[in-house]
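Participant: Chain by chain, the residues run as shown.
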Amino acid sequence: MAKDDTHAYRLIGTRPNRPDGLDKVTGRARYGADMALPGMLHAAVLRSPHAHARITRIDTSRAEALAGVKAVITRADLATGQSGEDWNLTENTLAGEVALYDGHAVAAVAATSKFIAQDALALIDVEYEVLPHLIDVDDAIRPDAIALRPGSADASVPDGSPANVVKQIEFGHGDLDAGFAAADLVREGRYLTEATHQGYIEPHACVAQLGADGKGEMWVCTQGQWYIRKMCAAVLGLEAAQLRVTPSEIGGGFGGKTTIFAEPLALALSRKAGGRPVKLVMSRSEVLRATGPTASASMDVKIGMKRDGTITAALCDFRMQGGAFPGAPVDMALFCALAPYKLDAVKCIGQDVLANRPKAAAYRAPGAPMGAFAVESLIDEMAQELGLDPLEVRLKNAVREGDKSSYGPTFGSIGLVEVLEAVKAHPNLSAPLGPNQGRGIASGYWFNHGGETSVTVAVSEDGGATVSVGTPDIGGSRASIALMVAETFGIGYDDVRVNVVETGALGVNEPTHGSRATFASGKAAVISAKAAISEMCRRAAADWGIEPEAVEWIDGAAVPAGPNAGQFPPLTMAEIAAKMGETGGPISGHHEVTAEGVGASFGAHVVDVEVDSETGKVTILRYLVVQDAGTAIHPAYVEGQYQGGAVQGIGWALNEEYVYGRDGRLQNTVFLDYRIPVASDLPMIDTVIVEVPNPGHPYGVRGVGETGITPPLPAIANAVAAATGVRLRHLPMSPPKVLAALKARG
Amino acid sequence: MRYHKPDSFVEASRIASAAGRYRFLAGGTDVLVQMRAGISTPEDMIDLKGIPGVGDIARTPEGGWRIGVAVPGAVLGRHASLKADWPGVVEGMNLVGSTQVQGRATLAGNLCNGSPAADSVPGLIAACARVEVTGSTGTREILVEDVPAGPGRTTLAPGEVVSAILLPPRGAGGGDAYLRFIPRTEMDIAVVGCAVSLRFADGVITEARVALGAVAPTVLLVPEAAAALIGTQGDGVALAALSAAAMGAARPISDRRGTAEFRKEIAGVLARRAATIALARARGEPA
Chain H
1 MAKDDTHAYR
11 LIGTRPNRPD
21 GLDKVTGRAR
31 YGADMALPGM
41 LHAAVLRSPH
51 AHARITRIDT
61 SRAEALAGVK
71 AVITRADLAT
81 GQSGEDWNLT
91 ENTLAGEVAL
101 YDGHAVAAVA
111 ATSKFIAQDA
121 LALIDVEYEV
131 LPHLIDVDDA
141 IRPDAIALRP
151 GSADASVPDG
161 SPANVVKQIE
171 FGHGDLDAGF
181 AAADLVREGR
191 YLTEATHQGY
201 IEPHACVAQL
211 GADGKGEMWV
221 CTQGQWYIRK
231 MCAAVLGLEA
241 AQLRVTPSEI
251 GGGFGGKTTI
261 FAEPLALALS
271 RKAGGRPVKL
281 VMSRSEVLRA
291 TGPTASASMD
301 VKIGMKRDGT
311 ITAALCDFRM
321 QGGAFPGAPV
331 DMALFCALAP
341 YKLDAVKCIG
351 QDVLANRPKA
361 AAYRAPGAPM
371 GAFAVESLID
381 EMAQELGLDP
391 LEVRLKNAVR
401 EGDKSSYGPT
411 FGSIGLVEVL
421 EAVKAHPNLS
431 APLGPNQGRG
441 IASGYWFNHG
451 GETSVTVAVS
461 EDGGATVSVG
471 TPDIGGSRAS
481 IALMVAETFG
491 IGYDDVRVNV
501 VETGALGVNE
511 PTHGSRATFA
521 SGKAAVISAK
531 AAISEMCRRA
541 AADWGIEPEA
551 VEWIDGAAVP
561 AGPNAGQFPP
571 LTMAEIAAKM
581 GETGGPISGH
591 HEVTAEGVGA
601 SFGAHVVDVE
611 VDSETGKVTI
621 LRYLVVQDAG
631 TAIHPAYVEG
641 QYQGGAVQGI
651 GWALNEEYVY
661 GRDGRLQNTV
671 FLDYRIPVAS
681 DLPMIDTVIV
691 EVPNPGHPYG
701 VRGVGETGIT
711 PPLPAIANAV
721 AAATGVRLRH
731 LPMSPPKVLA
741 ALKARG
Chain X
1001 MRYHKPDSFV
1011 EASRIASAAG
1021 RYRFLAGGTD
1031 VLVQMRAGIS
1041 TPEDMIDLKG
1051 IPGVGDIART
1061 PEGGWRIGVA
1071 VPGAVLGRHA
1081 SLKADWPGVV
1091 EGMNLVGSTQ
1101 VQGRATLAGN
1111 LCNGSPAADS
1121 VPGLIAACAR
1131 VEVTGSTGTR
1141 EILVEDVPAG
1151 PGRTTLAPGE
1161 VVSAILLPPR
1171 GAGGGDAYLR
1181 FIPRTEMDIA
1191 VVGCAVSLRF
1201 ADGVITEARV
1211 ALGAVAPTVL
1221 LVPEAAAALI
1231 GTQGDGVALA
1241 ALSAAAMGAA
1251 RPISDRRGTA
1261 EFRKEIAGVL
1271 ARRAATIALA
1281 RARGEPA
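As given, the protein sequences belong to chains H and X, one line each in that order. Last residue of the first sequence: number 746 in our numbering, and the count goes up by one each step with no gaps. Last residue of the second sequence: number 1287 in our numbering, and the count goes up by one each step with no gaps.
Incorrect hints may appear among the rest.
Not the full set, but computed from the structure, chain X residues with beta-carbon under 7 Å of chain H [claimed, not checked]: (1) Leu1095; (2) Glu1186; (3) Met1187; (4) Ile1230; (5) Gly1258.
Restricting the straight-line Cα-Cα distance to at most 30 Å, the calculated cross-link-like pairs of lysine-lysine (BS3-like) are [stated by the list, open to error]: (6) H/Lys24 with H/Lys70; (7) H/Lys396 with H/Lys347; (8) H/Lys302 with H/Lys737; (9) H/Lys114 with X/Lys1264; (10) X/Lys1264 with H/Lys737; (11) X/Lys1005 with H/Lys743; (12) H/Lys347 with H/Lys302; (13) H/Lys396 with H/Lys302; (14) H/Lys404 with H/Lys306.
Calculated directly from the structure, the hints in this document are not laboratory data. Cβ atoms here follow ideal geometry from the backbone N, Cα and C, with glycine treated the same way.
Assemble the whole structure, with the sequences as input and the hints as a guide.
Facilitator: Rendered as structure tokens:
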């Protein structure tokens, strides 16, 4: 359980104020769109109104002639000759010969005002030859489907595969036939999910400046300043080192801001406008039409189960479309789908399929929610059919330390059994249910990524510490890292400031992705702090005239290590810092590494719903998240991550979806019609933090940010089935779908 | 764009008559949003909030209500005696937008925006409300159901402006209610809306009006649904007939907000539920 009352640490496990709290509640925090520079121009982007169309002509001359317009760019202004993902990024930034989806950028303007830039868009003449389009993933692999981008499949795709399959993955172990033969019950089902968007509140925004000398700067809302530096450099043909990228405060990312969409346009416009800075802020409609949602999925699952609930074999065959480019997270979906189960026979097959939709980006545990929906729904169905408690079935088959995972590697320290036991003990499981109400349970899994990490911890003149990290704070990493550094030094939480710094200040850092910031930057910060402590011990030893090995660090001060070292009063961090200029210069610790020792996180959710049998509307009555955090450094932030994941999952399960017209155009491009849950739709999300410490982190941290979105889709589907007797296998479970299913049941 | 702030409706109408593309501005919660989205590009913006009386809610000599065109939803929601008379009208208006939007949005604006899904319009139609319209030749009164002409359009002549909303006297034994269906709990647009207003006297429903939103190009008054209630006690048989009549009258489209089949079904459900609440209110029982 959470260590709030019993922890062995001085600060870790406490809930101090958030370092960014005051700025955010007073409006002082500087987000992407808050940056302004003298002489700044404003950008607007012309986008394809067609799902798939050949661009036969673009004439920008009328737009260029409009007073106030300083630059108009088309694909000719971007780099040429790339291949692989660089080409994909360039093609997605501005369409070349073919617009590949509704909203695909085809030109951009910079002008002295946003209004002039928008007016100029209407003066760009584009002629399109409309082509047939593909939206649905299963349609895209039909034998008669048009090939969207012939030749784009990689070597993993077997000859004779459908035209739009661009990647294929296949793995497994054990004897599948024998496994199914040993089962008392074998069931299979097809499960469908629609594309959903991360729904971050802050749209993509940047101010960019780029001179003819190829030197540039960008202030931008991003999860990864180095990643987008590299991507922008590739799209524009620049040297990465000549581009300085400073991340702003960030109003949500959830994976969607680990890549580029419009950022290179601002740089290219600036270059064409003689180096004047250009501000580009996407509207919500642009965000929905032209940034990366997650994939839509069509998934077949077959499972064999003994009468006692033992799973004997499992087969997953998944197809996902991630837009007009490779990158649907079908691999991750398959890795996670069966991860909670110890399986002797398993096989997973996945296909990444092209369709005329925006290029998918990461969305919180990419792919895992879909895979969990398919597998956890079918397991629930089979448990019901066999008259077994779905929680006991999950416990019976739960993976433990030392088990071979469904995707290959052997698990180290994991906490699934502890999570399921905590679920079992929770009072929500015995809350009474009324008519039309039902309870659902599901498990979920996500990894913890290490990644390239570079951190510096500098001792300040007054004995505090400044921590420079390269991972933007999207979920509490600054507070958590400050707690860990303060704990390590033996100073106060308020004596530490953690800054997310620009690309010039540290070595390359991967973005905040893969639930890694508090794990990897936190681990590097602790190692850096320990290096600074060693140096402070050396300074104290020199002052005392003893060997550095005879000095130890206790409660924020250097002290002689035992009576043999001599009798000296402790030298505090503040005292050492005050004299550091005279004793050898600045003191800091630095650590950079591709982080290892990751700790994955299992979770389980329990949800109670009520279904209005006349309208099909599903109301969430109670919701419980139980998840392993390893060690909860700042439990309030951990709970926030659990609740946030659950809420995004509730939206995905019930109402969120990309709705396309027959013309292939996105129909719901504003939040009014792209229905994320509002606060009044939700009960308080109950949380239980299980702590099975990760031995690979100095304080036991696991990644906690993503697992929470994995169980909600099946947990809610299972609850709806329990409430109504109707099994919905196609998300979202929106009222029209639920009502139709209820009427079909009769 | 030219901004005008006249001090009378006659002047407002005169400016509009001389203008090309114009919009009247009351709360602005539709007009300003449409302008930002590039959907509406008026050359003349005529702000009605400088006209005396536009912020007033007044009892008429007959015992009805005259509501100014700039009275926001939040003010309606806090007007105890108006709410006591016409709870269905007020609850419809109060469903529009967020708390912030309620501080600006008006009945007149919701009506003249011409949306078939407008939440306040079914309640006004069920209540037999009228609007006062001012034009170059003076003023006239028309029934609310005669104002909408289709999505985004009204029957008002060029230059004409709604200058007041008029609710009739409630009288004894009256009750009304408005319900909408949305997949969420707020901040959404009606997939279907339904208002019922009725009078209950000596054990039977003596008068009824039923209006449906978001199931046709305009908000519909459904006399055959009302007929299913009149002369009955509002029992299960009557409510089933009401549902069937509402479903029969609905002629919705399928779009991103819901399918036609679903909307038809929900029209019947909401009609029954709204009638049940209106009847309870008419009988002075808790709804």
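Participant: Kindly indicate which numbered hints from before are broken by the structure, ordering the numbers from low to high.
Facilitator: Hints 1, 4, 6, 9 and 11 are the ones this structure does not satisfy, whereas the remaining hints hold.
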